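Read off the chains here:
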Amino acid sequence: MSAAGRSERPIPVGPKSVLLLTLVSLAGLAMFAWPLFRPAQPAAVQHAEDAPFIFVLILPLLVLLVLVQLTERGMDAKALAMLGVLSAVIAALRPLGAGLNGIETVFFLMILAGRVFGPGFGFVLGCSSIFASALLTAGVGPWMPFQMLASAWVGMGAGLLPERLFGKPVRGWREMAWLIAYGIVAAYLFGLIMNLWFWPYVSGFGQAGLDYVAGGPLLDNLRRFLIFTLVSSTAVWDTGRAITDTVLIAVLGPGVLAILRRAVRRANFDPVVEFDPVSGG
Amino acid sequence: MSIPTLTRLPAPTGPTGRNRGPLAAIRARVTIYGLPRALHPGAWWLWALGGAVAASRTTNPLSLALLVAAVSWVVVSRRAEAPWAMAFRLYLGLAGFIIAVRVGFRILFGADGSTILFDLPRIQLPDPFSITLFGPVSAEAVLSGLYGGCQLGAMVICVGAANALANPKRLLAAVPGALYEFGAVLVVALSVFPQLAESVQRVSRARRLRSGRGRRHFLRQVMMPVLADALDRSLDLAGAMDSRGYGQRGTVTARARHLTSGLLLLAAGGLCVGAYAALDTSGATPGWLGGAALAGGLALAGAAFRLAGRRARRTRYRPDRWRMAEAVVVLCGLAPALALSWLSRTHPTLAYPSVSPLVWPGLTVVELVGLLAAALPAWLTPPPPDRAATAQSDQTTEPDQGAKTA
Numbered sequence: 024m025s026a027a028g029r030s031e032r033p034i035p036v037g038p039k040s041v042l043l044l045t046l047v048s049l050a051g052l053a054m055f056a057w058p059l060f061r062p063a064q065p066a067a068v069q070h071a072e073d074a075p076f077i078f079v080l081i082l083p084l085l086v087l088l089v090l091v092q093l094t095e096r097g098m099d100a101k102a103l104a105m106l107g108v109l110s111a112v113i114a115a116l117r118p119l120g121a122g123l124n125g126i127e128t129v130f131f132l133m134i135l136a137g138r139v140f141g142p143g144f145g146f147v148l149g150c151s152s153i154f155a156s157a158l159l160t161a162g163v164g165p166w167m168p169f170q171m172l173a174s175a176w177v178g179m180g181a182g183l184l185p186e187r188l189f190g191k192p193v194r195g196w197r198e199m200a201w202l203i204a205y206g207i208v209a210a211y212l213f214g215l216i217m218n219l220w221f222w223p224y225v226s227g228f229g230q231a232g233l234d235y236v237a238g239g240p241l242l243d244n245l246r247r248f249l250i251f252t253l254v255s256s257t258a259v260w261d262t263g264r265a266i267t268d269t270v271l272i273a274v275l276g277p278g279v280l281a282i283l284r285r286a287v288r289r290a291n292f293d294p295v296v297e298f299d300p301v302s303g304g
Numbered sequence: 003m004s005i006p007t008l009t010r011l012p013a014p015t016g017p018t019g020r021n022r023g024p025l026a027a028i029r030a031r032v033t034i035y036g037l038p039r040a041l042h043p044g045a046w047w048l049w050a051l052g053g054a055v056a057a058s059r060t061t062n063p064l065s066l067a068l069l070v071a072a073v074s075w076v077v078v079s080r081r082a083e084a085p086w087a088m089a090f091r092l093y094l095g096l097a098g099f100i101i102a103v104r105v106g107f108r109i110l111f112g113a114d115g116s117t118i119l120f121d122l123p124r125i126q127l128p129d130p131f132s133i134t135l136f137g138p139v140s141a142e143a144v145l146s147g148l149y150g151g152c153q154l155g156a157m158v159i160c161v162g163a164a165n166a167l168a169n170p171k172r173l174l175a176a177v178p179g180a181l182y183e184f185g186a187v188l189v190v191a192l193s194v195f196p197q198l199a200e201s202v203q204r205v206s207r208a209r210r211l212r213s214g215r216g217r218r219h220f221l222r223q224v225m226m227p228v229l230a231d232a233l234d235r236s237l238d239l240a241g242a243m244d245s246r247g248y249g250q251r252g253t254v255t256a257r258a259r260h261l262t263s264g265l266l267l268l269a270a271g272g273l274c275v276g277a278y279a280a281l282d283t284s285g286a287t288p289g290w291l292g293g294a295a296l297a298g299g300l301a302l303a304g305a306a307f308r309l310a311g312r313r314a315r316r317t318r319y320r321p322d323r324w325r326m327a328e329a330v331v332v333l334c335g336l337a338p339a340l341a342l343s344w345l346s347r348t349h350p351t352l353a354y355p356s357v358s359p360l361v362w363p364g365l366t367v368v369e370l371v372g373l374l375a376a377a378l379p380a381w382l383t384p385p386p387p388d389r390a391a392t393a394q395s396d397q398t399t400e401p402d403q404g405a406k407t408a
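From first to last, the protein sequence lines are chains B and Y. Numbered per this note's numbering, the first sequence finishes at 304, counting up by one with no gaps. Numbered per this note's numbering, the second sequence finishes at 408, counting up by one with no gaps.
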């Protein structure tokens with residue numbers, strides 16, 4: 024990566040970080056999708072559900088491991104302050120949509136910031152904004168690590184959108200189109216995996232069409248889950264979220280992108296100069 | 003741990019002054035123990051986790067109700083007067099909502115059961131869904147929804163109790179050195195948050211003065227300046243942090259950094275294997291392997307955290323100490339977890355009362371003792387400091403306010 028490209032990436036993602044991120048993301052995905060992979064259990068064991076509780080403890084640890092790796096070289100003070108301020112803004116935006124049906128005001132800023140500051144920043148921003156808003160509203164709970172990881176993916180994915188396509192930089196209406204399309208996809212996928220993790224807890228209706236069957240064939244359970252999520256949330260909540268994303272990105276996107284890019288220029292995230300002491304041995 | 007505090011306080015004056023007996027020393031210790039102070043937030047979290055573990059081991063509505071009562075009593079008697087402490091009622095509401103949703107789903111989707119309570123007309127949905135809605139509502143279905151809802155609700159209330167009792171800012175102060183940057187981001191976010199409200203007010207006032215009309219373009223005309231203002235402030239803050247020596251790095255060699263990354267990767271791998279083994283109950287992975295992988299992953303993660311935290315030495319202003327009261331709180335949380343884990347292993351029919359056939363749930367002495375122990379922090383811990391402080395300040399500020407209004 025050239026020096027100019029690097030200066031726009033306040034939190035660089037090195038090869039080791041990529042490796043750890045991939046591992047943790049795969050493991051996280053498996054923990055979201057655990058109901059689909061669980062083998063059948065003898066009836067006696069079925070009450071003592073250990074796996075989901077162990078996941079609730081392991082998932083935050085895995086997220087913390089990634090955060091340690093990403094910030095391992097120390098974070099630039101400007102990146103840190105910007106992360107903190109953007110987290111506060113997102114935490115302030117979050118309750119705006121809480122009372123209304125499916126209005127999600129959080130993602131658009133996460134997506135735009137991830138786009139401007141890069142995948143590493145997007146990942147950390149997803150984690151820190153959810154954590155900050157949980158601390159502010161006293162909403163720390165077992166659901167928080169799952170929300171953190173899912174939001175981190177949303178921010179990171181926005182940072183991975185192509186910067187140049189066919190030799191031309193993606194800017195202007197093309198960039199808007201990319202971001203809006205990404206916002207819609209992210210809104211539905213977020214709803215889908217958040218439902219998936221929680222499905223067995225609300226399941227057990229005694230209906231073959233909707234119910235979670237422990238140890239059932241993967242595709243059967245997936246089909247049932249898709250019907251369940253379509254009935255319960257996709258039609259209203261996720262569509263509401265997608266519409267909010269689209270409208271906010273379309274209306275506020277160009278302005279917010281300009282503000283964020285101005286901040287990047289002013290901050291001038293230089294490559295950090297490091298002096299490694301020569302070890303004599 | 004309590005000895006340094008003992009020496010700092012003025013010695014209680016006994017009848018003879020110098021030759022105080024052991025009784026007076028014990029009395030002094032008890033007095034010091036009971037002095038108002040905020041407990042370590044970690045202690046409250048461990049206590050609440052104990053309650054949540056207990057709730058995860060039973061669906062007996064009697065024990066769950068007892069647990070919720072104990073936890074709520076502690077919250078009411080030991081919470082500080084702070085915004086996060088008031089959030090507890092939200093968690094109570096959320097728990098009620100969970101129970102209502104689970105029972106409502108059972109009625110909506112009409113589960114099987116022989117004891118019919120009342121009958122609702124059936125609605126058959128069109129083909130791709132192949133679902134019938136409503137139909138006869140049985141006591142078994144409603145009760146199974148209720149039991150499951152109570153279990154989840156009790157766990158949510160335990161988490162809410164920890165949120166209400168533990169000061170989130172002190173919790174941030176306990177962030178390990180390896181996560182220093184992330185902790186600092188959160189501290190910045192929490193302290194910038196109140197400024198945003200002020201910024202919004204300023205911008206909307208300027209907008210009114212420019213005769214900005216109504217709600218049209220409200221989002222664009224208020225949101226944009228606020229965001230730009232916030233980002234400008236963040237750069238000022240960064241400058242201030244740089245000038246105060248933030249970013250000072252210790253002498254960490256490249257080799258130590260590689261070692262940290264390697265440890266992080268290994269730890270993640272170990273945790274993944276452990277998680278997989280927990281999921282796999284079919285017996286394909288031996289039980290010891292999962293436990294060993296989990297323990298190894300945890301140990302490696304701890305080592306990586308320690309190593310990464312060494313990159314800069316930091317001192318802490320007024321650290322939260324772990325004293326006697328904290329240990330008492332954690333033990334009180336451990337009691338219900340142990341009692342119900344034991345019960346669910348030895349007497350599963352008591353821990354998970356049967357719904358079909360309908361059985362009246364019962365309680366055992368072990369359960370009762372364990373669950374009541376969860377309520378003990380309400381008496382055994384020192385009261386939070388600001389209650390005593392506000393009681394005093396109310397008395398002192400009252401004449402002042404009277405003068406202002408007069």
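The set of hints was computed from the structure by calculation and includes no laboratory data. As the structure is a prediction and not an experimental result, all values here were calculated from the model. The C-beta atom is built at its ideal place from N, Cα and C for all residues, glycine as well. A portion of the hints provided could be inaccurate.
[To be verified] Under 8 Å between C-beta atoms, here's a sample of chain B residues computed to sit facing chain Y:
no. : residue
1   : Leu42
2   : Leu87
3   : Glu95
Hint check results:
no. : hint  : verdict
1   : Leu42 : 6 Å, holds
2   : Leu87 : 6 Å, holds
3   : Glu95 : 6 Å, holds
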